[in-house]
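Colleague: Between the sequences and the hints, there should be enough to build the whole structure, so can you do that?
Just so it is clear: in the sequence shown, position 209 is 209 by the numbering used here, and no numbers are missing.
Any given hint might turn out to be false.
[Said to hold, decoys possible] Dumping the calculated DSSO-like pairs for lysine-lysine here, alpha-carbon to alpha-carbon at most 27 Å:
{"hint": "1", "residue 1": "Lys80", "residue 2": "Lys41"}
{"hint": "2", "residue 1": "Lys324", "residue 2": "Lys294"}
{"hint": "3", "residue 1": "Lys84", "residue 2": "Lys41"}
{"hint": "4", "residue 1": "Lys309", "residue 2": "Lys294"}
{"hint": "5", "residue 1": "Lys309", "residue 2": "Lys84"}
{"hint": "6", "residue 1": "Lys371", "residue 2": "Lys294"}
{"hint": "7", "residue 1": "Lys174", "residue 2": "Lys294"}
{"hint": "8", "residue 1": "Lys333", "residue 2": "Lys41"}
{"hint": "9", "residue 1": "Lys371", "residue 2": "Lys41"}
{"hint": "10", "residue 1": "Lys371", "residue 2": "Lys333"}
{"hint": "11", "residue 1": "Lys174", "residue 2": "Lys371"}
{"hint": "12", "residue 1": "Lys324", "residue 2": "Lys174"}
{"hint": "13", "residue 1": "Lys336", "residue 2": "Lys174"}
[To be verified] Listed next, with one range per pair, are the computed distances between beta-carbon atoms:
{"hint": "14", "residue 1": "Ala506", "residue 2": "Lys324", "range": "24 to 34 Å"}
{"hint": "15", "residue 1": "Gln340", "residue 2": "Asn229", "range": "31 to 41 Å"}
{"hint": "16", "residue 1": "Arg424", "residue 2": "Pro384", "range": "19 to 29 Å"}
{"hint": "17", "residue 1": "Pro383", "residue 2": "Arg517", "range": "23 to 33 Å"}
{"hint": "18", "residue 1": "Phe440", "residue 2": "Thr147", "range": "17 to 27 Å"}
{"hint": "19", "residue 1": "Phe90", "residue 2": "Gly220", "range": "17 to 27 Å"}
{"hint": "20", "residue 1": "Ala422", "residue 2": "Gln340", "range": "53 to 63 Å"}
{"hint": "21", "residue 1": "Phe440", "residue 2": "Ala247", "range": "26 to 36 Å"}
{"hint": "22", "residue 1": "Ala422", "residue 2": "Pro490", "range": "15 to 25 Å"}
{"hint": "23", "residue 1": "Ala222", "residue 2": "Lys324", "range": "39 to 49 Å"}
Honestly, the hints are just simulated from the structure, not real lab data.
Cβ coordinates follow ideal geometry from the N, Cα and C atoms, glycine included.
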Amino acid sequence: MTESIGTVDANPLRQNLPRARVPDPCAVVLFGATGDLTHRKLVPALYHLARGGNLPSECAIVGVARRDWTDEQFRGELEKSLSKNGDPDFAEFWPQFATRLAFVSGTFDDPTAYTRLKERLDQLDVSHGTRGNRLYYLAVAPEFFSTIIEHLGHAGLVYPSRQEAPWSRVVIEKPFGHDLASARELNRDITSVLDESQVYRIDHYLGKETVQNILALRFGNAIFEPIWNRRYVESVQITVSEELGMAGGRGGYYDNSGALRDMVQNHLMQLLCLVAMEAPVDLSADAVRNERVKVLEALPHWTPEDVAKNVVRGQYVAGSIEGKEVPGYHDEKGVKPDSQTETYVALRTTLNNWRWAGVPFYLRTGKRLPKRASEIAIQFRQPPTTLFEVDSEEAGGAANLLVLRIQPNEGASLAFQAKVPASRRRLQEVRMDFRYGTAFAVPPPEAYERLLLDVMLGDPTLYTRTDAVESAWRFCDAILDAWARPDAPPPAPYVAGSWGPEAADALMAGEQSRWRRL
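Modeller: Given below as structure tokens:
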């Protein structure tokens, strides 16, 4: 068996904190082991978990891909990737970590590849003490999900869900379908082999520490929840902006997806759920996920006319960001010259429930915006009467604003009014600011570290359930259907480096709110 890798952090602020639970011995099987996701996110996350002592000593990591590699070649490639991550003790800990790594060559539709995988896993049960427990991570293109799961079932590589040990679990990366019909078809394929309790649909946004802090802020403090409703909240804005365009040759993939499928259906919907959900009865997986699903079920059922009134789609044209000229979307590699794919979406919606009736929720995301940022802004209502002079109406008058920063500069800030010195009645906005790295003296952990640890522990709280996937697609399908109509207007152009098309401002016409400039 391999020896445990890990040391206790020397940071004095972390002394006496409870250590994370260490999961059962297991084999982690990475389908798509030669791909970008494995090298950039998954193996670094597993390395850091092992480095921190959060993986069991009896843990093996098996890569599966088409390349005809040996174990040594696989280890050599991962060593190149991991050595760039800045661990000063990498040379000391790498040899121990490398003993966990193995490789099985084969295509995803070849039954003999799964036979070889089964034989190798049985060997690792003996040599590494993995005890038959299996975690299969599908870091592959969506068209291979059903194929891999079907072959895992035929090869006897998954166990009945009712048995507690050994266990088998499957992690699926987004997208979970291309629309509601394909999502339902994928779910049928999955549940023909696996029980829902064995399926972990991963959205890395839910693994971000600052996203999880939304629940802590709301339900761990007595001061926010009493005012977290339509009586005190004027509006909510959720923004996920990206500075990059079609980096890394993503043009071909993105042109068949677009901003609605790529970001709104999953990331923004998850953030909406956390902001708007009711308090769960406890923090068990089902209790939390039940409340998240209720938010999605409270979204309106839109007609094409509703979509035209409440949704704006855009597509960037050539412009400049920080003085650097950038191409338009049609000039990106892999994009069709006449593409109507949206690179920007802004929408205004409400929720049909008691807490939020009548409160507008504004969601937006886009490529080639001025900066990379994700935040949630809770705009509270103005005081009922104006007793003081405010410093600036542009700053929002006397209304309070709570901003939850997801990235970068993770944290939160609360804007409130204070009297200007030497002034009789004039108020000015000031801010109370919390920064995650400053308060805890450590940067937040990578999302994949938390999510991989949770699936090994059998905790699906931060994973997406079937009903949530289908409810989100139901809402987005109405938008896609409206855009597919012959009379639907094309995406509105916006200059790269701007905050999107002017039409997005019209969503707030006649209301107090305006889009925040991050």
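Colleague: What's the verdict on Lys333 and Lys41, does the C-alpha distance respect the 27 Å limit or exceed it?
Modeller: Status holds; Cα separation ~25 Å.
Colleague: Does the Cβ pair Phe440, Thr147 satisfy 17 to 27 Å?
Modeller: Cβ of Phe440 to Cβ of Thr147: about 43 Å, so the range 17 to 27 Å is violated.
Colleague: Quick one, are Lys174 and Lys294 close enough, alpha carbons at most 27 Å?
Modeller: With Cα atoms ~21 Å apart, Lys174 and Lys294 stay inside 27 Å; holds.
Colleague: Need the status of pair Lys84, Lys41: alpha-carbon distance at most 27 Å?
Modeller: holds, 13 Å
Colleague: Is it true that Arg424 and Pro384 lie within 19 to 29 Å of each other by Cβ?
Modeller: Holds, at about 22 Å.
Colleague: For the pair supplied as a hint, Lys309 and Lys84, confirm whether the alpha-carbon distance does not exceed 27 Å.
Modeller: violated, 49 Å
Colleague: How does the Cβ-Cβ distance of Pro383 and Arg517 compare with 23 to 33 Å: does it lie in that range?
Modeller: holds, 24 Å
Colleague: Would you check the hint for Lys371 and Lys333, treating anything up to 27 Å between C-alpha atoms as holding?
Modeller: Distance ~22 Å between Lys371 and Lys333 Cα, so the pair holds.
Colleague: Between Ala422 and Gln340, is the Cβ distance one that fits in 53 to 63 Å?
Modeller: Given range 53 to 63 Å: holds, Cβ gap about 58 Å.
Colleague: Could one say that the CB atoms of Ala422 and Pro490 fall in the range 15 to 25 Å?
Modeller: violated, 55 Å
Colleague: For the pair supplied as a hint, Lys174 and Lys371, is the alpha-carbon distance within the 27 Å limit?
Modeller: Distance ~24 Å between Lys174 and Lys371 Cα, so the pair holds.
Colleague: Quickly compare the C-alpha distance for Lys324 and Lys294 to 27 Å and report which way the hint goes.
Modeller: violated, 44 Å
Checked against the numbered hints given earlier, this structure breaks hints 2, 5, 6, 12, 18, 19, 22; the rest are met.
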